[in-house]
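**Student:** Residue strings, one per chain:
2 protein chains.
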Amino acid sequence: MLAPPLRQQSLGAGRVSQPPCGRLTPNPNPVYHNAAAQGCDPPSPTGLQATQESPHVYTREEVRSHSSPETRIWVTLGCEVFDVTEFVDLHPGGPSKLMLAAGGPLEPFWALYAVHNQPHVREMLAQYKIGELSPEDKVPSTLKTSDPYIDDPIRHPALKVNSQRPFNAEPPPELLTENYITPNPIFFTRNHLPVPNLDRETYRLHVVGPPGGQSLCLSLDDLYKFPRHEITVTLQCAGNRRSEMTQFKEVRGLEWNIGAISTARWAGARLCDVLAKAGHQLCETEAHVCFEGLDSDPTGTAYGASIPLARAMDPEAEVLLAYEMNGQPLPRDHGFPVRVVVPGVVGARHVKWLGKVSVEPEESYSHWQRRDYKGFSPSVDWDTVDFDSAPSIQELPVQSAITEPKDGETVQSGEVTIKGYAWSGGGRAVVRVDVSLDGGLTWHVAELDGEEQRPRKAWAWRLWQLQAPVPAGRKELNIVCKAVDDSYNVQPDTVAPIWNLRGVLSNAWHRVHVHVAP
Amino acid sequence: MLAPPLRQQSLGAGRVSQPPCGRLTPNPNPVYHNAAAQGCDPPSPTGLQATQESPHVYTREEVRSHSSPETRIWVTLGCEVFDVTEFVDLHPGGPSKLMLAAGGPLEPFWALYAVHNQPHVREMLAQYKIGELSPEDKVPSTLKTSDPYIDDPIRHPALKVNSQRPFNAEPPPELLTENYITPNPIFFTRNHLPVPNLDRETYRLHVVGPPGGQSLCLSLDDLYKFPRHEITVTLQCAGNRRSEMTQFKEVRGLEWNIGAISTARWAGARLCDVLAKAGHQLCETEAHVCFEGLDSDPTGTAYGASIPLARAMDPEAEVLLAYEMNGQPLPRDHGFPVRVVVPGVVGARHVKWLGKVSVEPEESYSHWQRRDYKGFSPSVDWDTVDFDSAPSIQELPVQSAITEPKDGETVQSGEVTIKGYAWSGGGRAVVRVDVSLDGGLTWHVAELDGEEQRPRKAWAWRLWQLQAPVPAGRKELNIVCKAVDDSYNVQPDTVAPIWNLRGVLSNAWHRVHVHVAP
Numbered sequence: 001m002l003a004p005p006l007r008q009q010s011l012g013a014g015r016v017s018q019p020p021c022g023r024l025t026p027n028p029n030p031v032y033h034n035a036a037a038q039g040c041d042p043p044s045p046t047g048l049q050a051t052q053e054s055p056h057v058y059t060r061e062e063v064r065s066h067s068s069p070e071t072r073i074w075v076t077l078g079c080e081v082f083d084v085t086e087f088v089d090l091h092p093g094g095p096s097k098l099m100l101a102a103g104g105p106l107e108p109f110w111a112l113y114a115v116h117n118q119p120h121v122r123e124m125l126a127q128y129k130i131g132e133l134s135p136e137d138k139v140p141s142t143l144k145t146s147d148p149y150i151d152d153p154i155r156h157p158a159l160k161v162n163s164q165r166p167f168n169a170e171p172p173p174e175l176l177t178e179n180y181i182t183p184n185p186i187f188f189t190r191n192h193l194p195v196p197n198l199d200r201e202t203y204r205l206h207v208v209g210p211p212g213g214q215s216l217c218l219s220l221d222d223l224y225k226f227p228r229h230e231i232t233v234t235l236q237c238a239g240n241r242r243s244e245m246t247q248f249k250e251v252r253g254l255e256w257n258i259g260a261i262s263t264a265r266w267a268g269a270r271l272c273d274v275l276a277k278a279g280h281q282l283c284e285t286e287a288h289v290c291f292e293g294l295d296s297d298p299t300g301t302a303y304g305a306s307i308p309l310a311r312a313m314d315p316e317a318e319v320l321l322a323y324e325m326n327g328q329p330l331p332r333d334h335g336f337p338v339r340v341v342v343p344g345v346v347g348a349r350h351v352k353w354l355g356k357v358s359v360e361p362e363e364s365y366s367h368w369q370r371r372d373y374k375g376f377s378p379s380v381d382w383d384t385v386d387f388d389s390a391p392s393i394q395e396l397p398v399q400s401a402i403t404e405p406k407d408g409e410t411v412q413s414g415e416v417t418i419k420g421y422a423w424s425g426g427g428r429a430v431v432r433v434d435v436s437l438d439g440g441l442t443w444h445v446a447e448l449d450g451e452e453q454r455p456r457k458a459w460a461w462r463l464w465q466l467q468a469p470v471p472a473g474r475k476e477l478n479i480v481c482k483a484v485d486d487s488y489n490v491q492p493d494t495v496a497p498i499w500n501l502r503g504v505l506s507n508a509w510h511r512v513h514v515h516v517a518p
Numbered sequence: 001m002l003a004p005p006l007r008q009q010s011l012g013a014g015r016v017s018q019p020p021c022g023r024l025t026p027n028p029n030p031v032y033h034n035a036a037a038q039g040c041d042p043p044s045p046t047g048l049q050a051t052q053e054s055p056h057v058y059t060r061e062e063v064r065s066h067s068s069p070e071t072r073i074w075v076t077l078g079c080e081v082f083d084v085t086e087f088v089d090l091h092p093g094g095p096s097k098l099m100l101a102a103g104g105p106l107e108p109f110w111a112l113y114a115v116h117n118q119p120h121v122r123e124m125l126a127q128y129k130i131g132e133l134s135p136e137d138k139v140p141s142t143l144k145t146s147d148p149y150i151d152d153p154i155r156h157p158a159l160k161v162n163s164q165r166p167f168n169a170e171p172p173p174e175l176l177t178e179n180y181i182t183p184n185p186i187f188f189t190r191n192h193l194p195v196p197n198l199d200r201e202t203y204r205l206h207v208v209g210p211p212g213g214q215s216l217c218l219s220l221d222d223l224y225k226f227p228r229h230e231i232t233v234t235l236q237c238a239g240n241r242r243s244e245m246t247q248f249k250e251v252r253g254l255e256w257n258i259g260a261i262s263t264a265r266w267a268g269a270r271l272c273d274v275l276a277k278a279g280h281q282l283c284e285t286e287a288h289v290c291f292e293g294l295d296s297d298p299t300g301t302a303y304g305a306s307i308p309l310a311r312a313m314d315p316e317a318e319v320l321l322a323y324e325m326n327g328q329p330l331p332r333d334h335g336f337p338v339r340v341v342v343p344g345v346v347g348a349r350h351v352k353w354l355g356k357v358s359v360e361p362e363e364s365y366s367h368w369q370r371r372d373y374k375g376f377s378p379s380v381d382w383d384t385v386d387f388d389s390a391p392s393i394q395e396l397p398v399q400s401a402i403t404e405p406k407d408g409e410t411v412q413s414g415e416v417t418i419k420g421y422a423w424s425g426g427g428r429a430v431v432r433v434d435v436s437l438d439g440g441l442t443w444h445v446a447e448l449d450g451e452e453q454r455p456r457k458a459w460a461w462r463l464w465q466l467q468a469p470v471p472a473g474r475k476e477l478n479i480v481c482k483a484v485d486d487s488y489n490v491q492p493d494t495v496a497p498i499w500n501l502r503g504v505l506s507n508a509w510h511r512v513h514v515h516v517a518p
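So the protein lines, in turn, are chains C and V. 1 is the number of the first residue of the first sequence in the UniProt record's numbering; add one for each residue after it. 1 is the number of the first residue of the second sequence in the UniProt record's numbering; add one for each residue after it.
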């Protein structure tokens with residue numbers, strides 16, 4: 001059904017409950033509620049008084065079917081329905097960002113970007129109102145009670161979901177580098193198991209003491225008593241950019257695009273302080289600190305991983321038992337109430353819903369430490385792989401990707417703006433990003449943004465951008481980026497020679513092919 | 001003049017002054033004397049008594065002209081001259097190693113490989129004697145007294161010289177990976193200035209104290225009093241493999257092949273202990289430790305470089321003020337009596353002939369710290385370069401190269417043996433070397449040799465080798481190697497995208513093209 005492009009004119013500004021807000025910076029910690037779950041309580045978020053004429057009423061499903069220029073583009077705010085087809089190209093943040101909300105509620109996106117919390121934005125939107133949501137239209141519950149994932153939290157609709165059970169999702173490229181600090185609701189999520197439902201009051205962290213010593217059983221309040229340490233850290237999944245490996249040859253793993261990476265400000269107790277309190281010391285043996293999550297599979301096997309004791313005990317390595325993410329308690333998807341944050345190290349070691357910490361003579365015996373998250377030669381297949389022959393991934397190699405423009409997009413002639421991120425493992429700073437418009441024949445140096453990086457502790461990414469003239473007469477551009485870190489490690493040119501059967505460590509030059517508007 | 005292939009038969013074993021020696025391992029610290037400089041004193045090194053018949057007498061220049069199969073291959077030992085043309089293919093160490101001595105003395109090579117110090121080797125050689133050296137034939141002095149390099153030491157003839165003044169030379173590939181520990185005489189040499197002639201008795205190291213503190217003036221004996229620390233460390237010049245960059249596009253710099261890298265066992269005092277003795281502490285400021293050499297140019301400007309204070313003060317970083325190299329006092333070319341050894345860091349910071357150490361708020365102002373040894377984008381040329389825009393090279397990226405077979409060589413069909421080295425900066429261990437026979441389409445995993453690597457302190461290289469079947473019918477092989485370190489950093493595929501105007505950081509896949517014997 002093609003809905004009429006009806007426009008109901010604004011009847012006046014009415015009561016606007018929000019104070020005028022001049023902040024143009026995004027709020028990294030929005031508290032938003034899913035409009036669908038919220039139901040349709042007055043007052044209407046546009047603050048408009050209802051007209052006498054009774055409005056058109058639409059179901060959520062009808063709204064959902066209007067998500068492209070062909071079907072027209074509808075969105076909702078509270079119980080109101082808007083046809084924003086004509087506005088998409090006028091959206092100050094660009095059409096692609098508004099399209100993320102097409103067919104659904106605006107709230108989750110507005111919650112991310114405080115710039116929308118202004119009267120003139122609401123007035124502008126009011127012009128596109130076409131009707132209201134059916135009041136009894138609630139979010140359909142598709143979760144069955146026998147589903148171990150039934151307690152999983154509700155997620156932000158902007159996330160591109162790679163797997164629902166367990167939940168694995170990434171922010172779309174155009175949102176990924178919109179902010180240096182990734183807002184919590186769109187921080188990429190890599191779960192291996194259902195999200196445990198933990199209570200801040202009854203939560204306890206078990207820290208096993210050294211032989212002959214005493215173990216600790218720490219409540220959240222106990223953890224707060226350790227010196228609070230706060231750092232900005234980028235997390236990346238080993239499988240980030242796996243989809244590019246798949247294009248070369250099939251692998252086993254989730255089809256991550258370039259968004260299995262995000263950055264947050266974490267606060268917590270330093271692991272070295274907690275281990276010291278339990279009586280652990282850095283000895284010369286090659287010991288490991290093993291972590292166990294409170295998430296588990298139906299057999300009761302918990303998620304687990306480990307890091308070398310030397311890293312855990314090094315105050316300069318800043319390994320955290322984090323209880324805050326961007327100034328908020330950890331969201332459930334990110335390990336509430338406590339997770340490990342291991343700066344410069346692959347995401348898989350940042351164990352969420354942390355239940356137990358122990359010091360062992362060997363690495364964790366968990367599947368994810370010993371039979372996964374390892375790199376192999378392209379020559380190794382599932383018949384020949386020997387997982388014991390490769391070290392578990394800890395520090396990650398240098399990485400970068402282009403977030404704008406997108407592959408297949410058409411860019412204007414004249415000048416093109418290219419944006420992206422760059423990061424390296426082990427605290428190595430990104431010192432340069434080279435960008436090519438001709439597939440790697442000639443290069444430009446991009447401008448780096450983001451927080452100043454501390455030597456040997458550059459835990460967070462740099463965002464970058466380049467404005468470059470489009471060579472006259474070019475009908476297409478093969479845009480490529482590659483980063484250099486302060487050990488002068490670089491990304492490999494192509495993906496085939498680093499292909500591996502699990503599709504991890506995909507850090508070849510990132511390539512985007514675009515058309516130039518005539 | 002083509003010399004007659006005269007063979008004088010051995011007349012008996014005679015007096016052999018050396019005891020029989022069963023050691024087959026090479027001696028890393030040979031004390032050898034250049035035969036040319038030694039003159040021709042009896043007894044003859046073959047231990048043979050002179051025959052009645054007076055021998056043919058040749059000049060050194062005549063011997064030098066016999067250095068290829070076409071002119072025949074002559075060598076000398078003491079005052080005796082041998083035509084070993086017929087023996088070259090029988091040489092147990094391979095023809096190419098014997099050819100390194102062609103036209104010159106055997107002593108420097110025999111000094112490296114103790115296996116030669118056996119009676120049967122000398123008896124075998126005696127069969128090829130064709131005459132003796134003219135007794136008055138001394139080494140021609142080509143150095144003039146006004147030459148600032150006149151005091152430079154005599155070097156091993158196996159070294160491939162890239163520059164005589166200052167002296168810069170590398171071992172040939174086939175010797176480079178013959179030993180895990182590079183013998184001192186063929187350790188690559190990178191001098192920026194003439195070699196200073198220092199005396200162990202009068203040498204003093206000046207360590208500037210902190211503000212208000214006291215400076216130290218340390219003799220060599222004072223340094224010995226600090227705890228002795230011994231580690232195996234690979235040094236690599238930033239310009240190693242520059243010749244491959246030059247093939248793509250001209251750069252400014254010495255034409256290093258793959259041999260500007262070597263490994264030694266170093267002993268000395270830890271820099272952190274010496275700095276602590278002088279009253280220095282690790283403060284939060286971004287300070288640097290500046291080193292000054294006692295080598296200087298005609299204006300008196302000394303060689304200088306610096307490293308971050310954080311690295312210098314970290315006991316785990318194991319930065320040494322080294323006074324021993326492979327169990328011997330440092331050779332003059334390698335910094336006698338004291339040099340800095342900064343494990344995992346570019347050779348340029350391992351300041352030789354160390355005169356002064358100070359802690360400064362900024363990096364060394366030396367040319368070599370600020371206007372050299374930095375990496376740039378391929379787009380930067382000498383008109384646009386801004387040296388302040390790039391960080392000075394400290395840790396080096398992952399590296400590997402093929403030492404056997406050599407480019408252009410012909411290998412046997414059936415099976416080919418490929419050898420090489422692999423190393424990474426910053427203490428990162430090499431975890432894998434992939435080798436391809438088809439230019440990178442398919443890969444084999446090489447076998448790694450060498451010392452066990454400590455986590456985060458893998459300061460030394462791994463040697464590697466692969467025995468692989470030559471695919472039937474192949475007339476040529478495009479052999480490629482690439483290494484992976486424990487941060488899973490890899491080498492880039494090609495050299496053009498990492499080209500830079502100084503030709504540093506050349507770590508693309510190493511490629512060797514060989515023919516297959518029909």
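If you are wondering where the hints come from, they were derived from the structure by calculation, not from laboratory data. Keep in mind that this is a model prediction, so the values were computed, not measured. Take these hints with a grain of salt, some might be off.
Identical chains share a label here; the pair holds if one copy fits it or two copies do between them.
Derived EDC-like pairs (lysine to aspartate or glutamate); straight-line CA-CA distance at most 16 Å [as the list claims (entries may be wrong)]:
no.: 1; residue 1: K160; residue 2: D388
no.: 2; residue 1: K457; residue 2: D314
no.: 3; residue 1: K356; residue 2: D381
no.: 4; residue 1: K277; residue 2: D222
no.: 5; residue 1: K457; residue 2: E286
no.: 6; residue 1: K475; residue 2: E451
**Student:** Evaluate K457 and E286 at a C-alpha cut-off of 16 Å and name the case that applies: within, between, both or neither.
**Tutor:** Classified as between; 12 Å across copies, 23 Å inside a copy.
**Student:** Measure nothing new, just compare the shortest in-copy and cross-copy C-alpha distances for K356 and D381 to 16 Å and report within, between, both or neither.
**Tutor:** neither (35 Å within a copy, 55 Å between copies)
**Student:** At most 16 Å between C-alpha atoms: does K277 with D222 qualify within a copy, between copies, both, or neither?
**Tutor:** within (12 Å within a copy, 40 Å between copies)
**Student:** Is it within a copy, between copies, both, or neither that the alpha carbon of K160 lies no farther than 16 Å from that of D388?
**Tutor:** Neither. Shortest intra-copy (34 Å) and inter-copy (42 Å) distances fail the 16 Å Cα cut-off.
**Student:** I want to check one pair: K475 and E451. Are their C-alpha atoms no more than 16 Å apart within a copy, between two copies, both, or neither?
**Tutor:** neither (37 Å within a copy, 55 Å between copies)
**Student:** Quick one: K457 to D314, C-alpha cut-off 16 Å, is that within a copy, between copies, both, or neither?
**Tutor:** both (12 Å within a copy, 15 Å between copies)
The structure does not agree with the numbered hints 1, 3, 6 stated previously, though it agrees with the rest.
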